[in-house]
Structures are given as C-alpha cells and as structure tokens.
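J.: What follows is each chain in one-letter form.
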Amino acid sequence: MKQLFFFFIILLSSNAIANSKDQLGSWIDSAERILRAKTSASVLSMAINKAEYQRDFTLLVLTDDRSEQQKVMVRMLGPALWRGNVTLKVDDRISFFEPRNKRTTVMSSSMLASSWMGSHFSNDDLMRETDLATHYAYQAAKSWHQESRDYHLIELTPLPSAPVVWGKVMYRLYIDDGRVFPEQVSYYRRNSDEQPERTLTYSDVKQMDGFKVPTMMEMRISDKPDEYTRMHYQKIKFNSDLAASKFTEQAFL
Amino acid sequence: MGLYIRLAWRNLLRNTKRSSVTALGITLGIGFCITTLAIMDGLSHDLITGTTQGQVGHIQVHEQDYLAKRQLQQTIENNSQVLLELRDLNSVKAAAARLYSFGYLSKDDKSIGVSLLGVEPKHERQVTSLAEQIVDGSFISEPTPWPKGQALSEAQLALDEQLTEQAIANAFAELDGLDTTSNELQLHTNELIDTLAPLPFTLPQVVLGVKLAKNLQANVGDEITLLFETAQGAQQSLQLQVAGISRQGTDLIDRTRMIFHLEDLQKLLQLPNQSHEIAISTMNLQKVDFAQQVISDVLGSSYPQLSVQTWSQLRPDILALIQSNQALMGTLVFIIFLIAGVGVMNAMLVSVMERRKELSLLKALGLKGPNVVWLVTVETLVLTFVASIAGLAMGIVLGSYLQKYGWDISQFGEFSLAGVGMTSALKAKLTLNNLLIPVIVMFVIALLAALYPAFSAARLEPAQGMRAS
Numbered sequence: 007m008k009q010l011f012f013f014f015i016i017l018l019s020s021n022a023i024a025n026s027k028d029q030l031g032s033w034i035d036s037a038e039r040i041l042r043a044k045t046s047a048s049v050l051s052m053a054i055n056k057a058e059y060q061r062d063f064t065l066l067v068l069t070d071d072r073s074e075q076q077k078v079m080v081r082m083l084g085p086a087l088w089r090g091n092v093t094l095k096v097d098d099r100i101s102f103f104e105p106r107n108k109r110t111t112v113m114s115s116s117m118l119a120s121s122w123m124g125s126h127f128s129n130d131d132l133m134r135e136t137d138l139a140t141h142y143a144y145q146a147a148k149s150w151h152q153e154s155r156d157y158h159l160i161e162l163t164p165l166p167s168a169p170v171v172w173g174k175v176m177y178r179l180y181i182d183d184g185r186v187f188p189e190q191v192s193y194y195r196r197n198s199d200e201q202p203e204r205t206l207t208y209s210d211v212k213q214m215d216g217f218k219v220p221t222m223m224e225m226r227i228s229d230k231p232d233e234y235t236r237m238h239y240q241k242i243k244f245n246s247d248l249a250a251s252k253f254t255e256q257a258f259l
Numbered sequence: 288m289g290l291y292i293r294l295a296w297r298n299l300l301r302n303t304k305r306s307s308v309t310a311l312g313i314t315l316g317i318g319f320c321i322t323t324l325a326i327m328d329g330l331s332h333d334l335i336t337g338t339t340q341g342q343v344g345h346i347q348v349h350e351q352d353y354l355a356k357r358q359l360q361q362t363i364e365n366n367s368q369v370l371l372e373l374r375d376l377n378s379v380k381a382a383a384a385r386l387y388s389f390g391y392l393s394k395d396d397k398s399i400g401v402s403l404l405g406v407e408p409k410h411e412r413q414v415t416s417l418a419e420q421i422v423d424g425s426f427i428s429e430p431t432p433w434p435k436g437q438a439l440s441e442a443q444l445a446l447d448e449q450l451t452e453q454a455i456a457n458a459f460a461e462l463d464g465l466d467t468t469s470n471e472l473q474l475h476t477n478e479l480i481d482t483l484a485p486l487p488f489t490l491p492q493v494v495l496g497v498k499l500a501k502n503l504q505a506n507v508g509d510e511i512t513l514l515f516e517t518a519q520g521a522q523q524s525l526q527l528q529v530a531g532i533s534r535q536g537t538d539l540i541d542r543t544r545m546i547f548h549l550e551d552l553q554k555l556l557q558l559p560n561q562s563h564e565i566a567i568s569t570m571n572l573q574k575v576d577f578a579q580q581v582i583s584d585v586l587g588s589s590y591p592q593l594s595v596q597t598w599s600q601l602r603p604d605i606l607a608l609i610q611s612n613q614a615l616m617g618t619l620v621f622i623i624f625l626i627a628g629v630g631v632m633n634a635m636l637v638s639v640m641e642r643r644k645e646l647s648l649l650k651a652l653g654l655k656g657p658n659v660v661w662l663v664t665v666e667t668l669v670l671t672f673v674a675s676i677a678g679l680a681m682g683i684v685l686g687s688y689l690q691k692y693g694w695d696i697s698q699f700g701e702f703s704l705a706g707v708g709m710t711s712a713l714k715a716k717l718t719l720n721n722l723l724i725p726v727i728v729m730f731v732i733a734l735l736a737a738l739y740p741a742f743s744a745a746r747l748e749p750a751q752g753m754r755a756s
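If you read the protein sequences in the order shown, they are chains X and S. For the first sequence, this note's numbering gives the first residue as 7, with consecutive numbering after it. For the second sequence, this note's numbering gives the first residue as 288, with consecutive numbering after it.
Quick caveat, the hints were computed from the structure, so don't treat them as lab data. There's no promise every hint is true.
Claimed, not checked - List time: in silico EDC-like cross-link candidates among lysine to aspartate or glutamate, alpha-carbon distance up to 16 Å:
hint: 1; chain 1: X; residue 1: K241; chain 2: S; residue 2: D463
hint: 2; chain 1: X; residue 1: K252; chain 2: S; residue 2: E645
hint: 3; chain 1: S; residue 1: K409; chain 2: S; residue 2: E419
hint: 4; chain 1: X; residue 1: K241; chain 2: S; residue 2: E419
hint: 5; chain 1: X; residue 1: K241; chain 2: X; residue 2: E200
hint: 6; chain 1: X; residue 1: K108; chain 2: S; residue 2: E510
hint: 7; chain 1: X; residue 1: K243; chain 2: S; residue 2: E461
hint: 8; chain 1: X; residue 1: K230; chain 2: X; residue 2: D28
To be verified - Now the stretches of chain X that chain S is said to cover, found in silico as 3 or more residues with beta-carbon under 8 Å:
hint: 9; stretch: 50–62
hint: 10; stretch: 95–106
The beta-carbon is built from N, C-alpha and C at its ideal position, and this holds for glycine as well.
All chains, please: the whole structure from these sequences, using the hints.
T.: Spelled out as structure tokens, the structure:
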C-alpha cells in the first residue's frame, strides 16, 4: 500500500514536471506566433544600420501557417531599387524573384543562415518556422511579477540532434490578460558563453487588427553595439483568407 | 703520389672482375642518386611554379586583415593608383588585381552556389596561367560597356516615396480582394532603377569552371542568372553570358569558380576602384624576398593598411610539402650511399686479405704503416673516381632524358598536391648541385669505407703475414 502511494506520488510529480515543460513550450510557441496567428499580412518598415551602410525598406509580409508547410512571402514595396522583389519560402525552399529581369532563383536550405538583404536578420529569422518550439528543451530560469504582469525567463538548450546554430537561447516573455508576449530573446553561440551573440527585442505594444501586439522588433549584435536592424509594423491583418496561389512562384510574375 | 696511383691502378686491374663489380655498385649508386635528386627538384619546381602560376603569383598584396576574415569590405582602396606604383618598380614584372565574392548561379531550374573572381585579363596573363586553362570558348578580354548610375534627384526621390505609398495601398487592396494590377507602378519604378543602377549594354561575359558548367548544363554562349549581394548588402540578380569554360585541375575550383572581368565585378559588387588582392610576378623568383622588401617599403609609407606576402608565406603548406619531400628523398639517397659504401668496404677488405703476403713483404722491405694506409686509400679513391665518371655520365643521360620527356604518370589519373594542379608527367630538373652532391658524398663515404681495410693492412705483422698461405 505504502509502495503504491509512493508510486502515485512519483507519477503525479513527473506529470507535473512534464506539464510545466509543455507549458513553457506552448508559451514560447504563442509568443513566437503573436505576429503571425494562422495567417497574417503586414506592412512594415525595416531600418538597417550598419557601419558600411544605412538603408530603409518597406515590406509586405504574408504568412500562412494553416498547413504543414509554413509559408512566408516577403514582397519589397520600396524604395525603387528593390520594389517588386519577392522572397518566398515554402518548407525549406527559398526562392528569390526580381521583376526587372523576371527571373526566379531557387536557393538551397544552406542559404537559410545568410543575411537577408544585408540586414542583421538571416533568411531563417525572417522566414522563421517556430523552430524554437520543436528543436529545444526548456527550463524555467526565473519568474517574477511586475506591473501586473507575470514575467518568465526561459532557458532553451538545443535537443541533441536539432539542426540549429545556437547553443543556448534565453527567452524573456510576459503574460498579460492571458496572452503571451515576447520581450527579449538572447542568442548564445555556445551554452557556456557569458555574452549573447545577438539580442532580439520586442517593444511598442499597440492594438492592431483587434489584438494587442508588439509592433517594434530590434536585432542587435553584441560585437557591434552601434549596429542594429529595426522592424516596425505599420499595419497587420490577422487570419484573413489568403489564397494559396499567393505563395507560389507563379504569383511573382 | 704518381707512384701510388700507378701501384693502385695496377692492383685494381689485377682483379678486373671484382673491381668492375665494385665500380658498378658505385656507378649505379651515383647515377640513381643524381636521377632521384633531379626528379625531386623537378617536383619541387613543378610545385612552386604550379603554385605561383596557378593562382598565387610570386607576391600578393592585401588589406592587412583580409586573409584572416575575407570580408567583402576589406578591400585595397585606390586600386589603380597602387597598381601604377607597383608596375613602376624594377623588380616587378607584372601586377594583376583581383576581386572575390560569392553568389548563387542559376540556369533554368538548376541553382548552384559559386565563388566569383574578378581579374584583369591583360595583366593576369603575365602573372598566372589562368587564361591558358580554357578548354572551350575563350577567356574574357574587355570589360562590358556599362552606363554610369546616378543618384536620384529631389523630384525622383519624391516620386519614389509616392510609389512606395502606392505599392502599400495596392498591397492592402489586393488583400481585400480588389484587383490592383498596375503596370504603371513597375514602369515608373523601372525608370528610377535605370537611373540608379542601369543594366549593361551587352550581357557581361564570364568563364565557368568545367564541372560547374557541366552541373548547370551550361555551354558557351548560354545565358545564366547570377544572384549576388553587393557591398551595400543588397541582393540583386543579373543576366550573364558564358564566354568560356576553364579547367584548373582542383575539384573545388572547377566545381565553383566563375571568372569575371575585374571592372564588371567591381560594378556588380559596387566596389569601384577596389580589389581584394594584387598578385605580382617578380623578375626573379630566387630574389622574391628582396622584391617583397622593396614592395613593402614602397607601399608602407602611403598605404600602411596593406600587407605584402610572398608565395611561401601565403602557402606554407606547399613549402612544408617541398621540405618533407626533400627529407624523404634525402633519406633514400643516404640509404643508397650506405649500401654502396659497404660494397666498397667489402671489396677493399677482400683485396687486402688476398694480398696479405705481398703487403707483408712490402712492409718487411721497409714500407711504413702510414704508407700502407695511403696505398689502400688511393686504391679506393682511384676506383671511386673511375666509377664516379661513369655514374655522372649515367645520371646525366637519365636525368636529361627525364628533363626532356618526363616520366608519364597519367595512368594514375589527374592529381593535385595540396590544391596545386600538377602536370601528368613527372619532370626532372638537373642542376649543378644535383650532379656534384652525390659524387662528393660518394667520395667521402668511399674514404671512410677504405679506412678499416687500410688500417687492418697497416697492422699486419710482416713475419706472420708472409707465412700465410
């Protein structure tokens, strides 16, 4: 009887641990999806500030997570030199289209890690599948309460066979009104590193298309404190019925 | 002395068979050593010329951190001025600037990652054999005529902003299901782009590596599309035309390399008057260190951010390969000599033993110990001298044959050493050193080998020796 009791205790507690891990995972998943929902269409400006150049883009970003293939299409709306350029990602296939010569280049997944249009975001960041939720193990590092919000700092370490570049990710999020908001994501090259290699910050929460969402994303590289890429959402439409044909290479023409 | 030589010569002729077999050993030893050394020198020479003419040149100039990081922005600024100053120097035969980058090349539905190399064809010909590697079509000759881009005027900038607003409005209208296909927007945009970044009048010509061309199924004259990133960090694509196909010999290079005219690539990458590397061929490869010093001094004052390196500093692996080759061949030569030396010692020992009676008689007649040593030594030296001449003749004949015709090793397939494409014939290179070193070393070894028989002969007790049967 006593043994049975212990057995139940153990079963319960292990369940509780598993639950809390699922909880962390689903929080991160929600936080990552806050700007995507099922489908999203957004217009945003991207400001790149590097030592070698400064540049501003205006982008239309369409995402569609209704099917298994997570689809992302980025169309550049301005300035002139890039207007009409389209980057499309369906699964791991990235294609790039330039309207002037009407050519589509299909890139291999090895290009995922290279920078998108010279920004501090990689192709993978911009076209991100929410791989944080699937490729990492979670561990709560810290929780606190501040300004009527529940804050959580979650440490993510890659699963043994995960195809990821980061050795550790520290994810800071908060829960407000039952919704999960991302606040800061720090990417560490190695698990033992003191300093993150780069940090993504979400800020400027505003009401957009009926939801409160962060409208500013800023990526900074620790090595180069003066450089950053800032994405500022100007308009978002969530869960609209995007036609599947928008995410094909035929749609470029 | 003359007497000793006469005596020695007579003694050697007394047993012609034994003497000639010993001499044959020495002859073969020297002959093969000369050939081995010549092949080794030929190989080193091939490696060095393969390195310097293949891609490296004798000396290279870079922005000082370029080799460590190889970033697109780490260029030699004011490239044409630096080149002018370099080409003015007496020790510089030719100097050619190069530009490197990466891109994504596609034809039809095939795409491959490629490395881009911009060269100055006229000067590159004098530094490396890049232009001779063409297997189909032709090398690049002239830069593509290209209109100059201009910054947008105030009015055009305003128009651009207006067009962006229009594009945003269109994009959202499109989402709401409205039809907004407007050719006008792209039309105006194209006008602006043509001001900013005009397309070339004709398609820029490029040379593809042979395996790259095969993988893309691109032939000479075909149109291909390159997607690349400019130094300003923007992705762009451009139509190009295949002018030629080259075979360098190294798999990686033949699979990924794409050659442009330097000016075309500068235009593409938006790096006007800049290069990543200047490769220099000097007047005399033997004096490359001196030339490096001169070049460093000249560039040092006005361009402190540039560094100058010789081929051996750039490719220390090649130098190490040559040195390990030499060590290996040296060991081989040493073993050959050791065997020849033991042969000489044996022959002399037998000869001395045979002549115990006669030597004892000479001693009894008053020939002193040192004189006996001298007699045997001279005998050895005369034998070695005769054999050396024969060995030299053999080495020269064999060496010059290999120097002229080479040793065809093409049945082993194409090969490259440490990334240097090699010719399929192993060529020897005869030098004075290669001829003299084996002969001198053979003399020293023969001398050493003669000592033991000589001293054992000198120690003979005349009374006992004469009694021997």
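J.: Decide, hint by hint, whether the structure agrees.
T.: How the hints compare with the structure:
{"no.": "1", "hint": "X:K241 / S:D463", "verdict": "holds, 14 Å"}
{"no.": "2", "hint": "X:K252 / S:E645", "verdict": "violated, 111 Å"}
{"no.": "3", "hint": "S:K409 / S:E419", "verdict": "holds, 12 Å"}
{"no.": "4", "hint": "X:K241 / S:E419", "verdict": "violated, 58 Å"}
{"no.": "5", "hint": "X:K241 / X:E200", "verdict": "violated, 37 Å"}
{"no.": "6", "hint": "X:K108 / S:E510", "verdict": "holds, 14 Å"}
{"no.": "7", "hint": "X:K243 / S:E461", "verdict": "holds, 12 Å"}
{"no.": "8", "hint": "X:K230 / X:D28", "verdict": "violated, 36 Å"}
{"no.": "9", "hint": "50–62", "verdict": "holds (count 5)"}
{"no.": "10", "hint": "95–106", "verdict": "holds (count 4)"}
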